[in-house]
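Residue numbers (our numbering), protein chains in the order written: chain E, 6 to 241; chain H, 6 to 241; chain U, 6 to 241; chain G, 6 to 241; chain F, 6 to 241; chain W, 6 to 241.
Read the hints as simulated data drawn from the structure, not as lab findings.
All values derive from a computational prediction rather than experimental measurement.
One or more hints might be untrue.
You can't tell identical chains apart in this list, so a pair holds if it fits in one copy or across any two.
Stated by the list, open to error - In silico lysine to any residue, SDA-like type, Cα no more than 20 Å apart, as pairs:
1. K148 - Q116
2. K148 - S77
3. K238 - R91
4. K221 - G200
5. K151 - Q116
6. K221 - R201
7. K27 - Y182
8. K27 - E49
9. K87 - R201
10. K148 - D50
11. K27 - S9
Listed below are the residues making up each chain.
6 protein chains.
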Amino acid sequence: MRPSGRNLSEMRPISIETGITKHAEGSCLIRMGDTHVLCTATIEDRAPPFLKGTGLGWVTAEYGMLPRATNSRNRREAAAGKQSGRTQEIQRLIGRALRAGVDRVALGERQIVVDCDVIQADGGTRCASITGGWVALRLAVNKLMKAGLVTSDPLVDHVAAVSCGIYAGQPVLDLDYAEDSEAGTDGNFILTGRGRLVEVQMSAEGATFSRDEMGKLLDLAEAGIVTLVAAQKAAV
Amino acid sequence: MRPSGRNLSEMRPISIETGITKHAEGSCLIRMGDTHVLCTATIEDRAPPFLKGTGLGWVTAEYGMLPRATNSRNRREAAAGKQSGRTQEIQRLIGRALRAGVDRVALGERQIVVDCDVIQADGGTRCASITGGWVALRLAVNKLMKAGLVTSDPLVDHVAAVSCGIYAGQPVLDLDYAEDSEAGTDGNFILTGRGRLVEVQMSAEGATFSRDEMGKLLDLAEAGIVTLVAAQKAAV
Amino acid sequence: MRPSGRNLSEMRPISIETGITKHAEGSCLIRMGDTHVLCTATIEDRAPPFLKGTGLGWVTAEYGMLPRATNSRNRREAAAGKQSGRTQEIQRLIGRALRAGVDRVALGERQIVVDCDVIQADGGTRCASITGGWVALRLAVNKLMKAGLVTSDPLVDHVAAVSCGIYAGQPVLDLDYAEDSEAGTDGNFILTGRGRLVEVQMSAEGATFSRDEMGKLLDLAEAGIVTLVAAQKAAV
Amino acid sequence: MRPSGRNLSEMRPISIETGITKHAEGSCLIRMGDTHVLCTATIEDRAPPFLKGTGLGWVTAEYGMLPRATNSRNRREAAAGKQSGRTQEIQRLIGRALRAGVDRVALGERQIVVDCDVIQADGGTRCASITGGWVALRLAVNKLMKAGLVTSDPLVDHVAAVSCGIYAGQPVLDLDYAEDSEAGTDGNFILTGRGRLVEVQMSAEGATFSRDEMGKLLDLAEAGIVTLVAAQKAAV
Amino acid sequence: MRPSGRNLSEMRPISIETGITKHAEGSCLIRMGDTHVLCTATIEDRAPPFLKGTGLGWVTAEYGMLPRATNSRNRREAAAGKQSGRTQEIQRLIGRALRAGVDRVALGERQIVVDCDVIQADGGTRCASITGGWVALRLAVNKLMKAGLVTSDPLVDHVAAVSCGIYAGQPVLDLDYAEDSEAGTDGNFILTGRGRLVEVQMSAEGATFSRDEMGKLLDLAEAGIVTLVAAQKAAV
Amino acid sequence: MRPSGRNLSEMRPISIETGITKHAEGSCLIRMGDTHVLCTATIEDRAPPFLKGTGLGWVTAEYGMLPRATNSRNRREAAAGKQSGRTQEIQRLIGRALRAGVDRVALGERQIVVDCDVIQADGGTRCASITGGWVALRLAVNKLMKAGLVTSDPLVDHVAAVSCGIYAGQPVLDLDYAEDSEAGTDGNFILTGRGRLVEVQMSAEGATFSRDEMGKLLDLAEAGIVTLVAAQKAAV
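Bound conformation, chain E alone (with noise of 0.2 Å):
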């Protein structure tokens, strides 16, 4: 029934490189299927002006998307002049759920900047983003604490995002564009290593829903979570 013929409850396959790139502090090339997307972590001395004094850390994010990413070319935003609503949007959600699985006290007071740029897009590209840039900013703080310079580790859990959706009525996980593009409702879920919920975004797209189908697709994310866990535990 779903277009890739994957059972309503079957990921895409996973897969993550660690390691693309030589200069950044931590980095990862995370596919979900089609979904494509480079994720590198910069350690900053100097946390943002708002925290000066106060010796916590901070943790933030920016996405891009390659103007050929998709099946049509975008404008480059660069070129633009500004970042989309949508955009901004992303990397806001990405910044706040990564910062859900820091202590920031443990941090002190420097900043982590994770870069998400997507490289090829099949949907997912924001859940696939938290993923994969959970795994990059642990390779960075691995170096913090290699070189002695935080003295607990700041990093609390894992946090991996998943997205669901009532894709031709029924609750399917881990939506590709083709589903994406057509489901009543989708969701993005985010949740810890230890199965507690950071954020949760559902949104009509056409078709309203209940609170029963809500818990179906929180089902779903539960179980995709815990997949999704393993396989950056395997990448680190």
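Given chain E, put chains H, U, G, F and W in place with the hints provided.
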């Protein structure tokens, strides 16, 4: 226990005053306690270019905050030369929410722009914008119907929104600013008049949350929406 | 003869309602007929950089118009990415006018920002902004004085403004939009409470004018300012 | 008493050199003492969109200042990414002033753009731009007439401008920078060749003014305009 | 003597991997040592407006660098709100170079956009972009030919580029970042497959140079281009 | 054969008029035939931030073109809100070229900004800007030396520039616009007074070129630079 002395499930006083400006096709000033938002609806003869020739209508929204709507003055976005990521995220949400209650075939190939401008802010401005924006939209659509420009009612249901959160360990309804800035988890819940879900956005701000807590917040929201829809009905 | 049925020297009804927002140090909603402007004054501890170390204070103004304050919707300046030339010209005028009533030594090295946001427009918005802006400024300065932060009153006189023009060949006072858009010549007159001139801007819009006509408009303006200053006194 | 040693009613030496660039339809370099402005007029076949189908023409102006036209270098507006409020205010004024001398029916549905670029500034740049801009406009219109593209002369009268102010307590004509920066009140007076008023802008800069002072400045301006119009006549 | 231990006339290892994204009409990942650039070519049905009705085609290029492609993180240009002068200079160069190998009549009135995005930088990114961009262009043109949309081959020759410079007093081929940042003179040489010159850019960075040195760098470049063209041939 | 009737190796008449504005530390108006550029040099006490504490000076350049410097009017860059890629490329080139003649240690930790504004364009504006910019720079540096602010001369050599190209199959010197727009290949050659090369930029515009042709253009350029340097010497 709440800074305002309200019960856990008690909303702030709601008032919706219509006909607030003489120019707009629909308008109201909605007050949720000390949060005051001026909402206007403008009917435009043309739909956006991507709908040309489809016969479908569109509803979109813009959001703004007067510089001194908040406790300290914010820089005017027009002077800054761009809308913040927050503003764009909110206005995309308002537009998406309102469209969930619209039959775009019945509306016909035209656009209605809903402007939500916050005169005074005390938490929950995006929810008040949706609830008040729906009233402005309703009034504008009434004009279309009275003028015989649409034949069946394009508004298929009410849409209203309320925030809930975990404050001091307790689920509370309709957060004001004092609560919002301290809440461990908060969420925005958008529902229709029939109680169907349109959008759920829950976010851990410092503390992750469980499915059980999510359910309790949703219970509160469902009750709150009933009150809001009643206020909408009284206003139009 | 006037579209509104007013006499040539008759102003529109004036109302000035203070304390309109709970956050601002001073605020009012001024109504000149159907022109409604929300004015707030914000006290900032620091003067602009070019005054650093001079001991002198500064008063500045910003002006905006809600998108649907007018008969047809105007594009939101924040969305357009810049303030129009008209907006900048108006806000520079408001700031200059208000500073003419301020003893900047007595104010001390701080800044007061007056925001004038037009809720509904029917001609004369810049004049209403100046007259209402002065009231907001007065209320904010009163707070400074009550708190003992200034020792002598930095407001040396009232400042108020009114427009006059040649409409259908006759000099008329306080143009509304219907008159303004047809007037051959119009002018904005800013005066102090003592009747001294602060700024005169007369402009031929289609028909040039004579010194004699200029004198008649100034006569009307002087009378109008007396009424406006009385309304300011009643409000504060 | 004046820094330059001039009499109170003495203007600076005026020179208007035409044909300054080979490309423009009309051009001149106007020198008012040490204020030098290069003015060009460009004829465009199309009027702006808002005039489409009306048969009416348009005259507009743009103003700029070379970065080192002044005593200390100003940031290049093209590098800053926007025109300042001052620039926009000035170019709107120039365009409005020149249009006052134009019969837009006779001009026909085309546009003339007058560019005024300040090469060297010593006060009064907006007035010199108007006086010189009129000469460039006259030359461009002459080309239209010679080519038989317009049948009756669209320029119905001269337009020229001069500044006056209260300097050291005395009314003086044609302020240079040293006077302008010290004047308590100054004004810009735009008149036609027949002595009709086009625009009057008087502004208190530190000291308010009386009707009597206003009259004296206008007397000076009327005399100055006679000299400027004579210089325009000699140039074309 | 070279930081990398290479001989003076030794290039870095080259690899060109095609078919890197499923969406683009042509794509490759080119690696010149540690410089990695992702190149895609997009076919657009319409040529730019200035070619309308001419029957001529166009090839243009855009260039970007991921924020952490370099040793320290660069600000994302989309976030900064504009492309730097360097970026614009490079993308203009790439487009100009690729057009030198194109028969624009044979291409017909359509546009091909070549996007070059630097994933990892170690000097010579503009040269790698041209060499890889040509491969993406070749693959896209092949699709046009296979679909019968063009009848004769619009690509008349290969275009490839390499940098050379005077490093530590010696002419060297294919500068990496360590050399580039120290070179007294460096140059970019763009040639066709037949060895004709397309563009030569030599620049003194600290030390001026002689015609004799210029000749030696050109000798090196000619040899390097032979290797690059062979790699292009192997890839397509 | 040349549109202007010049011999293949004949330059246009050169004139360099100094002291063109009273405010700048150095200034000139350079005329290469009908290409006229106003150049000013401004001394700033501070070097750019990246040089803080190094004791090194900096020379930078900005370039602009008046809207009607060309045959048809170009949009004013300040109004467009950004400098074009062409403008940025040119001003980066001018700055780089001038720095090649500067001893930055001798200059000391200050900056000189050279502004080149094209009053009238007929090809070769970037070359005229460099040649004239050097004169303005020389005059400004003379002021520094006279004031004893630098002890040894920071200008180690002349820098001048000329364009050459293949026009109608022949190598020609100093292209004017009619030639430039038709040339198959053109180049800009920047040399010092001693004949050392500073920058060579050759570009195929429609036809690729050979090493032999490159040599012939360089021969022409070397001869042209001798004339330009003589004109610089005569001017200062």
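Evaluation of the provided hints:
no.: 1; hint: K148 - Q116; in the structure: within (14 Å within a copy, 41 Å between copies)
no.: 2; hint: K148 - S77; in the structure: between (39 Å within a copy, 16 Å between copies)
no.: 3; hint: K238 - R91; in the structure: neither (30 Å within a copy, 33 Å between copies)
no.: 4; hint: K221 - G200; in the structure: both (16 Å within a copy, 18 Å between copies)
no.: 5; hint: K151 - Q116; in the structure: within (17 Å within a copy, 44 Å between copies)
no.: 6; hint: K221 - R201; in the structure: both (17 Å within a copy, 16 Å between copies)
no.: 7; hint: K27 - Y182; in the structure: between (31 Å within a copy, 13 Å between copies)
no.: 8; hint: K27 - E49; in the structure: within (17 Å within a copy, 35 Å between copies)
no.: 9; hint: K87 - R201; in the structure: neither (35 Å within a copy, 36 Å between copies)
no.: 10; hint: K148 - D50; in the structure: within (13 Å within a copy, 43 Å between copies)
no.: 11; hint: K27 - S9; in the structure: between (35 Å within a copy, 16 Å between copies)
In this structure, the hints that do not hold are numbers 3, 9, in rising order.
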